[in-house]
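Chemist: Top to bottom, those sequences are chains A and B. Just so you know, we're using our numbering here: the first sequence kicks off at 8 and counts up by one. Just so you know, we're using our numbering here: the second sequence kicks off at 85 and counts up by one.
No lab work stands behind these hints, which were simulated from the structure alone. The structure presented is a predicted model; accordingly, all values stated were derived computationally and were not measured. There's no promise every hint is true.
[To be verified] Footprint (simulated), chain A over chain B, 3 or more residues, beta carbon under 8 Å:
hint	segment
1	239–253
2	279–289
[Claimed, not checked] The following residues of chain A were derived to be distant from chain B, with all beta-carbon distances above 10 Å:
hint	residue
3	L58
4	P194
5	Q203
Glycine included, C-beta positions come from ideal geometry on N, C-alpha and C.
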Amino acid sequence: MTSLRIFAVGGLISYRALFYWLSFWIFVPSLVIAPIFQILLFAYIGRSAGLESDQFYVVGNAIQYAAIPCLFAMTQLIGGEKYQNTLGAILVSPAPRLPLFFGRVVPVVGNAAFVAAFSLTTGSLILGVHIPGSAILPLALVILVAAFSCTGLGLINAALALRIRENAVLSNVLFGFLLIFTGANIPVSELPGWMQAVSERIPFTHAIEAARELVDGAALSSVLDLIGTELLIGCVYLVAGYLCLRFFEWQGRRHATLERS
Amino acid sequence: MKTVRLLAVGWWFQLKMISRSPFEGVGQIIYPLFFATVAFFVFRAGDSPRTLLYASLGAAVMGMWSATSTTAGAAMQRERWHGTLEALVATPPHFALVLLPITLAMSTVGIYSLAATLAYGHFLFGIDLMIEHPLAFCLAVVGTVLSFGSLGFLFAVMFVRFRAAWALGNLFEYPVWLIGGFLVPLALLPSWVGPIAWVLAPTWGMNAIREAALGGTPLPDLALCLVLGALYIALGILVLDRVLGAARKRAALSLT
């Protein structure tokens, strides 16, 4: 019961307290308007270069932009404790680590899914991309899985925040990395072989592919393998993130660097 | 003479500080390279007659704008957080002479970004950097940096009332990339976008750089870019006087 309370209440409180983008004046420009302009930018670059349709860029960028809340929010929710001088108090508490850290993941997944769904809807309306009614629920599932998957990467990023100072730079680098490798804007087949191999092993690639197929009219059953792969990748990253957190916590105690900021 | 010295010393001092900041220095050079990579792949895979050099120049100026837009919006607020705003406002020279070098230094960092993007495109994607008018190209880059710094100055004074000024600065990154015609010709955008693009100095700066590099007449574009930059400074000073007057009246200068 205590673990459940730490998972649910602790996760929600830390989200509200530490993810300062919840302020209206930051949330709207950064997570509502900016993704629309990213979609428009790449859709028009695509038109300018004569590559792919608007639908390709709307779906790709709407899902890829979920990386911003996933990466930055997770970093804030864990690395932010360091800057508020509360990390030590959290880590000396007897609270079990699994619900403590995973409880912080849930609000981030919800927020990222909202950002992706809103961007997809608005981008489609602006550029006149038709989404079949039958695809809406399967798309919601894909978006949720994509958000979960990238939050796993966000947890690794958050763990690194216990060790390095420049979290914002690292988050931006990871965002840029996902922009290139996930096929959001470049068809994966156009990437060199080694990049395709990387692409297969990172969040979003399979979700974006599944979402594009659904918008093209495919049935949910035909993309279940892609969704399953995305989910599996998310689980692997989440476990890796948890192990990194425990490792850096141990390192921080050993070298007395937990609160180095 | 004193004014020129103040601007020059302020610019150099700020440039040195920014160059050592991982976010404003290193980050602003690396981040645009991701967008440049996407642009190179998209233009290479597409069937457009526009060349990779076209994309390379556009991506390079995107980096220049990034260096300004994401940081200039919060330039005045940064001084507030550091606790130096009151001291700077109280100095005898007009506060605009203190603030302008800060945003100019931010846009100067964009030259690193421009050079890095062009070199990156050349060495990794084999983009041939044939500049038709090298002198005009250099002038166009300097003019564009000045106009970007001026627009950053206007952002800094206009956003000072917002606690989240940095978020508003970030917000203007994508729209200017798009409307300024960096990678998308204005002809492809809806016609109502045209007048917005015309009042943006980055549009003319981009044109001047591209005309100089690809062979054309960059000087009219450069002149328009500089005139708009001067207008931004004039407008910025008017806004600044109003903002500072109101802040003094309400004793709200140091509020965060």
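Chemist: Which constraints among the numbered hints does this structure fail? Numbers only, ascending.
Modeler: As far as the earlier hints go, 2, 3 and 4 are violated by this structure, in ascending order.
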